[in-house]
Amino acid sequence: MVDSDQHTDSLVNRRRFVKAAGVTGVAGLLAGCSGGDSTTTNGGGNGNGGNGNGGTTTGNQTSKTFTLEYIDVDGDRTKEMFMPVIEELNSKYDAEISLNFREVPYGNYKKQLLTRVGGGNAPDVAAIDQIWLGSFYNSGKLMTFNDIQEQINFDDYFAGFKEAVVQEENIVGFPITTDVRGMYWNKDQFESAGLDPNTGPETWSEFYDVAAQLHDPPNRYGTGIIVAAGIYSVPLFSAGGQFLKSGGSEPAFTSDAGVKGAEFIDKIYNEEKIGPSSPITGGGNYPQEFLNGTYSIAPVYGSWMDFFARQKGMSNEEIKQKYGFSISPHPSSGSPATMMGGFAWSAFNTTDRPDIVKDFMGRISGQEFNRKIARETGRIPTRKALLDASEVWSNILWSDTIKEMLEYGGTRPVNNWSAVDEILTTSLQEVAYDRAEPREALQSAADELAGEL
Amino acid sequence: MSDSEPSYLDGFEARRETQTELSRLERLYDRVDQKLPYIMIAPVFIIVVGLMLYPAVWAFKLSLYDVPISNLDNQVFVGFQNYVEILMNSFFYKVMKNSVVFVSASVVGQVGIGVTLAVLLDRGWLDDRLARFFRATYILPWATTAVIVGYSWQFLLNPRVGLVNQFLRALGWANPPPWLTSVQWAIVGLIIMNIWRGTPFSMIFQTSGLQSIQESFYEAARVGGASRLQTVRNVTLPLLRPFILMNLILVTLFTFNVFGMILVMTGGGPLDATNVLALHMYQTAFSLGNFGKASALAVLLFLFNLLTVAFYLRVFGGVDQAI
Amino acid sequence: MSMKQRFIKARYYLHNAARFAKIYPEEALIRAVVIFSLVSMSVFFIVPLYWLFSAAFKPPNSVGFPPELVPSTITFENLNHIIVNTEFVGTFLVNSLLVAVGAVIIVLAIATPAGYAFSRYEMKHKRVLMVSILFVQMIPFLAMIIPLYRIFAIVGLLDTLIVITLVSAANTIPVATWLMKGYFDTVPDGLEEAARVGGASRFQAFRIITPLAKPALGAVAIYSFVGAWNKFIIPLTFTSSKSKWVLPVALYKFISRRGVVEWGLLGAATLIAMLPVLILFVVFQKQFVAGLTGAEYKG
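Note that the protein sequences, when read in sequence, are chains P, W and Y.
Take 1 as the starting number for the first sequence in this note's numbering and just add one per residue.
Take 1 as the starting number for the second sequence in this note's numbering and just add one per residue.
Take 1 as the starting number for the third sequence in this note's numbering and just add one per residue.
Quick caveat, the hints were computed from the structure, so don't treat them as lab data.
Note that CB positions come from ideal geometry on N, CA and C, so glycine has one too.
Some hints could be false.
[To be verified] Here are the computed lysine-lysine pairs in the BS3-like style, where the Cα-Cα straight-line distance is at most 27 Å: (1) P/K372 - Y/K22; (2) P/K187 - P/K322; (3) P/K187 - P/K273; (4) Y/K126 - P/K372.
[As the list claims (entries may be wrong)] Distance ranges between label pairs, derived from CB positions: (5) W/A226 - Y/V39: 38 to 48 Å; (6) Y/L97 - P/K403: 13 to 23 Å; (7) W/Q184 - Y/V39: 25 to 35 Å; (8) P/S249 - W/F77: 16 to 26 Å; (9) W/Q184 - Y/T73: 34 to 44 Å; (10) P/S249 - W/D66: 11 to 21 Å; (11) P/R220 - Y/F53: 25 to 35 Å; (12) P/S394 - W/K97: 37 to 47 Å; (13) Y/T73 - W/A226: 54 to 64 Å; (14) W/F77 - P/D447: 23 to 33 Å; (15) W/L229 - Y/N80: 26 to 36 Å; (16) W/Q230 - Y/F53: 35 to 45 Å.
[Stated by the list, open to error] What the simulated footprint calls covered on chain W by chain P, stretch by stretch (three residues with Cβ under 8 Å from a Cβ of chain P suffice, anywhere in the stretch; the number is not a length): (17) 66–75; (18) 111–122; (19) 154–161.
Okay, chain P solo, but in the shape it has when bound (with noise of 0.2 Å):
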């Protein structure tokens, strides 16, 4: 086409043409303002940068105001109930302080709120999954509390708790409430099998037995268990073993306790044949398959389950009648043994007001306000205080197993459990796929893992 010089459009299009490029300009300018701000945020990133915190504290132009942004996974623990502490806080404090409350869903927690903090915008609390705190703790951004362990009694809490909250000698978080593992089992098939559907099978041996007797498939498992390292604790720690050696820097799996935990496992879905056709890998079904009578026996499970019994429309009461709960079998020469995990308050030093986060965290954690929060949301609490609280426990199905388990309690190596799981979790496949015998899968996770570590 040739370029022509003729001019003899109206003045109008011409305006037109002005306007349309403005428009372009705008949109250019949007996109080049992105662009060209990043390359300062480059170079902060390579220096000290990332307090910026740009969007979180919007409240912070004047110390007069502070916004405190709180996320968590569900409403449960709501702003509700936060109102009453940040009314003393504000009475407290020359500032006007208010809670931004954000709802984040389990599944996308921990990639929002590491790319969160990674990308310098922490917000001021949090709570987080106590098998999370060793990734967050590794930014060097998480609050402590050494200070501020007297005030709150930090002491009352479990054993396992207290472990799990503490990294490198500082206390990065409080744990809120808590959950337990247990086993479940379905009462009725019980009774039809003639076995007595009050007591559950205390001992391995006896629960291979009662699962064979149970066993019916396709129609019915007698049992089923999820192979995963986090369910591979129970037996784990009943057969008396450990994840990792103290210090935490080396496997301790492979010891003879480990490999008979794998056994277990290995039994299940090898040996005994007591189980589906091929292993449960992931927990999606489980809950809802077990509930529906798929399996007989859910070994190892956590105490959650009856939260999808009523989610199905079943009444506490009807739970109670159908299932049993008692902690999982043990080897015989080995001692009952549960898992608990849980959620932990934490804070990030990156806020713009530590005194008054602190202040909160002091608050929230407190043995009162446990008790508030145990008994709105109907779970476990993690204080030693609370265990005759009957105002806590009405609420909890199988309080009183429960609160005999919370004595045996150990917890997950809270600072390298991603590591841990993501590579433990596959040998312990190789061993139900019966890919691999226990003893060598489980060295081979522990070489893999000694260079994690």
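We have chain P already, so just place chains W and Y on it with the hints.
Using the frame of chain P, we list chains W and Y on its own:
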């Protein structure tokens, strides 16, 4: 222009006239108009550079460092160590193999089924209304978010009660595969889901490609006495080549990046049988928190994408086919 | 039509088909195979969605093992709950619409002129430029997430719908530019030539020709709309307030943290989330199909 007799000279004079009266603004307009092609493509490049290339270059830089994702400022330069570690580990090759299986099967399935359906629904085979109805049903999965629908697929593929196995049992397959919990079959389950979700795009893409084929080609084939199948083989498919090429490239690039759906359906298991490169990258970054290594994996994935596209271009005869 | 008439008609069809099969057995076989495969593909594409949507009409908590294909009782409780008791329609749907429409506008405003310029003008390094656009499409998005997050944190755009809109648009622009270029290639340039000879500027020529590319504009619009509508990782990463959630993020809420799903609510919510896209498909199917490659001018 003017209502007078349009003679060459008149026009010329008129032009002269206006040119002397050019205001500053008009001269600017003129200059801008000269450069218009470049101005028109500039925003694309600003967006692409600002929002894609720049972050990518940054990620490349990070691949040479040891960086925890939770603290990007804590960087230690390690050179190519991340790459060496990845390439020395046999796990990478396992993941790579899974990726190749997943991507090639998905791509062949999506483009193959997409082309077939598009051809079958093309003019001449079916009543137009019927064709439109079928097309409407085929397009539905595209309107969903893969990650969310992944959950219902997980349920559909349940070995005992899932619809898929109920159907297979009804067909007489007494022991259908346990799909997502089986080391051999899990990836097949994922491929089926991915084909389900991705085929609509290919089908639409090819349908539009078919519509660009001129009727005269078909007429020529008819006059020549070609059968339906012959027409498809000798007329339709050759003319569809550029669309198939573009389709292959796009679907491959999309599929190499799929991980969310796999994360919810199998989490990469069992025994890492469904762990693909993109998922491995995700877990390295967000589960293990090693952003340097994850970035190195991203660079490798990028190179792999590049190789694949180069391969397609070679097979199909150069970049001009696509441009 | 009475039952009898229908029956007669069906018998007539069958009879006709049988005669056709006798005369042209090969052709009839092909036809049967074609119809069969088309129908089975329909089943393949629809059943998973049907199952999910039927859960929406089952009473809450009744999606059991094995899942029933035909709900024994139909209830609107789930839909009602989603619409009345949640912010699904009031907030999340609106957010999704804002993002998707915003992305469509940005994509069209940027990809149309670029596609046009690539199609019509000779410029230096055109091939390199075009290929380089496709090049960035090969960069794994995951790698860009953290740097992008950092950029937006500095600019102060985090947790806004603008970010989702911008990033979604940026993701679509390369392919959209290619599609627009491909379409403009099929539009004869006679009209512009006439305009240019008549004294129009390049820009005016572009404005004259753009309306002719309507089908392509429609197709690219739907392509970018659907793309932005179903984006999951982007909004999940760059927004955190509930008031900024878009539909896919909100849907995630019905999947508990143990991976167990509230099927009834998820089905109902997914149905609502799909509705706008379905409407777009049904209304614009013809245009969409034609628009991707310029059928109107070639056909």
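Hint by hint, which ones does the structure fall short of? 1, 4, 5, 6, 12, 15, 18
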